[in-house]
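Asks: The chain contents come next:
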Amino acid sequence: MSQYPAEPSPQRPGGAPSRPAAHEEERTSRASRGPSRLASVTGTYEFGVTLSLALLIVAVSVWAPRFLSTTNLMNVARNFAFNTAAAVGEAFVILAGGIDLSVGSVISLAGVVTPLLLQYGWGLWTAIGAGVAVGALCGLFNGVLVTKAKMPPLIPTLGMLSIARGLALVITRGRPITDFGEHGAAFLKLGQGYLFGVIPYPVVYMALVIFLGWLVLSRTPFGYAIYAIGGNEEASRLAGIPVDRIKTLTYVISGAVAALTGILLASRLSVGNATNGQGDELEVIAAAVIGGISLSGGKGTVLGVLVGSAIIGVLRNAMVLARVSSFWQEVVIGSVIVLAVLLDRLRYRRAQ
Amino acid sequence: MRGIVKRFGAVQALKGVDLDLYPGEVLGLVGDNSAGKSTLMKILTGAYRADAGTIYFEGRPVAIHSPLDSRRLGIEMIYQNFALCGNLDVASNVFLGRWPAARLLVDRRRMEQEAAKVIERMKFAFPSLRTPVETLSGGRQQAVAIARALAFDPKVLIMDEPTANLSPNASQRLLELVRDLRGQGVSIIIISHRMQEIFDVGDRISVLRQGEMVGTLSIADATEDDVLNLIVAGRRSRQEGGPARD
Numbered sequence: 001m002s003q004y005p006a007e008p009s010p011q012r013p014g015g016a017p018s019r020p021a022a023h024e025e026e027r028t029s030r031a032s033r034g035p036s037r038l039a040s041v042t043g044t045y046e047f048g049v050t051l052s053l054a055l056l057i058v059a060v061s062v063w064a065p066r067f068l069s070t071t072n073l074m075n076v077a078r079n080f081a082f083n084t085a086a087a088v089g090e091a092f093v094i095l096a097g098g099i100d101l102s103v104g105s106v107i108s109l110a111g112v113v114t115p116l117l118l119q120y121g122w123g124l125w126t127a128i129g130a131g132v133a134v135g136a137l138c139g140l141f142n143g144v145l146v147t148k149a150k151m152p153p154l155i156p157t158l159g160m161l162s163i164a165r166g167l168a169l170v171i172t173r174g175r176p177i178t179d180f181g182e183h184g185a186a187f188l189k190l191g192q193g194y195l196f197g198v199i200p201y202p203v204v205y206m207a208l209v210i211f212l213g214w215l216v217l218s219r220t221p222f223g224y225a226i227y228a229i230g231g232n233e234e235a236s237r238l239a240g241i242p243v244d245r246i247k248t249l250t251y252v253i254s255g256a257v258a259a260l261t262g263i264l265l266a267s268r269l270s271v272g273n274a275t276n277g278q279g280d281e282l283e284v285i286a287a288a289v290i291g292g293i294s295l296s297g298g299k300g301t302v303l304g305v306l307v308g309s310a311i312i313g314v315l316r317n318a319m320v321l322a323r324v325s326s327f328w329q330e331v332v333i334g335s336v337i338v339l340a341v342l343l344d345r346l347r348y349r350r351a352q
Numbered sequence: 001m002r003g004i005v006k007r008f009g010a011v012q013a014l015k016g017v018d019l020d021l022y023p024g025e026v027l028g029l030v031g032d033n034s035a036g037k038s039t040l041m042k043i044l045t046g047a048y049r050a051d052a053g054t055i056y057f058e059g060r061p062v063a064i065h066s067p068l069d070s071r072r073l074g075i076e077m078i079y080q081n082f083a084l085c086g087n088l089d090v091a092s093n094v095f096l097g098r099w100p101a102a103r104l105l106v107d108r109r110r111m112e113q114e115a116a117k118v119i120e121r122m123k124f125a126f127p128s129l130r131t132p133v134e135t136l137s138g139g140r141q142q143a144v145a146i147a148r149a150l151a152f153d154p155k156v157l158i159m160d161e162p163t164a165n166l167s168p169n170a171s172q173r174l175l176e177l178v179r180d181l182r183g184q185g186v187s188i189i190i191i192s193h194r195m196q197e198i199f200d201v202g203d204r205i206s207v208l209r210q211g212e213m214v215g216t217l218s219i220a221d222a223t224e225d226d227v228l229n230l231i232v233a234g235r236r237s238r239q240e241g242g243p244a245r246d
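Residue numbers (the working numbering), protein chains in the order written: chain Z, 1 to 352; chain W, 1 to 246.
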């Protein structure tokens, strides 16, 4: 349908239409008169960040050509693979209008639970399954407190940040775990091995999580419901969407994905340590926000999360290549987060 | 609906209200602000649960515990604020919560085709069904809200202040739509402050006052004054001393 004959004209003779309505009408028609599909793509936030990432990569590779070597690129990708995967899980929560601050601690907790169980002689997959289940339980705790006890999401997930970190310290007595039992070699291969000898397994894992996240969020009724809840929770309730159940599930997904990520990270680092994921929640949320996941819910895509995470990853690698001190790296990353949110706000203000 | 009671804390919003709705009729529901109109309708749609009372649907008592229950029975409500998800496109809003799916995935093509059909039936048109509704004008947003209510062939349609955000022109078209639906046998409840509209399209009019049903009049033999007196004083006319006759 390209014309709209039945819509009554707001310019009626004899009576001025109410001002907000007229203003909105004008904006709509201007937008729909836009030249082509191209404009609607180039106007999106995702396009903006992708362009920023491309410029960043070009700048870094001109300045330091060894950045583009396959080894370095795979290294960079492996480094941000963990946070990207966790950020996809986090995106489920933020898109439904919540936030999960506990991902870093869940990464740590699952990253010691699975190694400990391996030490006790559990099978590789049962130990991994148990680690993921612990993460899912943390998420269930968060989700139930948000939906049933009506707590603002900051509170239970901040509590879980401390609880999970504390539990990780308790069960390891604060000591790093480096003995992974009889399945140790197989376990270490998950985080350190390569598919076809080139692609690190964590990158394969990241790609799988992104694909599944994209599929679920943009193609299934469950994903539609998550966007609907983030857009207007009350309207979703009135439409009969089981809002509480779906919101709880987003926290369970975030917890489970963070846990699996933590298990792979322990394998990659060859150590299960209660500090493995410490502070990761900041970087995970930053990747989602830079990638265009709106903190007010309902807006953004998984592909944006990948780009946002890649920007942080490339920036970190560039700073390493430039020998920027790791203290200053934190300052730079923080500034990029603020800048990304600022740009997003400015864009909205212009649109309204 | 029989003997509906609803309390909010110490406030008794509905004090045992009866309401009848016949097949294929248009019932106006009027009353002052806080008379209990919206509360009563939200109980019918399952957004609230009554503290006491029974809802009968097609003669049988039914349990409506959630909006899903009422929508399954064929009761749809168009809310005054439209209850749309601004971030979702037109088609996704029309099928909000009931997205057609095939093999676990949302069937976008079917969804857009069926949304287009409903919108066409309303003699309306959108430039695109993929526009996020928050970028649409008020009139168009309302069209989306109506399309959602009509998409599943409701038996009962509740409209809360349907013309409050519309130009006179669009209001007229909406009232024509109400007449069309009535002709197709849909029962319609209209909550409105604009008495004239209810007298234009309605069959009967029920008046709520301070949580009580003070009267139901047939439009054919009532005047706007009768209704106003019921709303304000709980009596049909100033001459009468006693309570309402109905």
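Hints are computed from structural coordinates only; laboratory data are not their basis. Hints may be right or wrong, so weigh each one.
[To be verified] Beyond 12 Å from chain Z on every Cβ pair, some chain W residues (computed):
no., residue
1, L19
2, G59
3, W99
4, D107
5, L181
6, L228
[What the hints assert, rightly or not] Just the calculated beta-carbon pair ranges, DEER-fashion:
no., chain 1, residue 1, chain 2, residue 2, range
7, Z, S335, W, D69, 50 to 58 Å
8, W, R109, Z, T44, 19 to 27 Å
9, W, G183, Z, L346, 49 to 57 Å
10, W, F152, Z, I171, 38 to 46 Å
11, Z, L154, W, N81, 23 to 31 Å
12, Z, L321, W, Q80, 39 to 47 Å
13, W, Q210, Z, L154, 38 to 46 Å
14, Z, L346, W, R108, 27 to 35 Å
15, Z, G159, W, K15, 40 to 48 Å
16, W, L104, Z, S326, 38 to 46 Å
17, Z, L154, W, T54, 48 to 56 Å
18, W, R109, Z, W328, 48 to 56 Å
19, W, P100, Z, L195, 51 to 59 Å
Just so we're clear, the structure is a prediction, and the values are computed from it rather than from any experiment. Note that CB positions come from ideal geometry on N, CA and C, so glycine has one too.
Asks: Indicate, hint by hint, whether the structure satisfies it.
Replies: Each hint tested on the structure:
no. : hint                        : verdict
1   : L19                         : 20 Å, holds
2   : G59                         : 24 Å, holds
3   : W99                         : 5 Å, violated
4   : D107                        : 10 Å, violated
5   : L181                        : 17 Å, holds
6   : L228                        : 26 Å, holds
7   : Z:S335 x W:D69: 50 to 58 Å  : 51 Å, holds
8   : W:R109 x Z:T44: 19 to 27 Å  : 23 Å, holds
9   : W:G183 x Z:L346: 49 to 57 Å : 52 Å, holds
10  : W:F152 x Z:I171: 38 to 46 Å : 53 Å, violated
11  : Z:L154 x W:N81: 23 to 31 Å  : 27 Å, holds
12  : Z:L321 x W:Q80: 39 to 47 Å  : 59 Å, violated
13  : W:Q210 x Z:L154: 38 to 46 Å : 41 Å, holds
14  : Z:L346 x W:R108: 27 to 35 Å : 32 Å, holds
15  : Z:G159 x W:K15: 40 to 48 Å  : 43 Å, holds
16  : W:L104 x Z:S326: 38 to 46 Å : 45 Å, holds
17  : Z:L154 x W:T54: 48 to 56 Å  : 43 Å, violated
18  : W:R109 x Z:W328: 48 to 56 Å : 52 Å, holds
19  : W:P100 x Z:L195: 51 to 59 Å : 38 Å, violated
Checked against the numbered hints listed earlier, the structure breaks hints 3, 4, 10, 12, 17 and 19; every other hint is satisfied.
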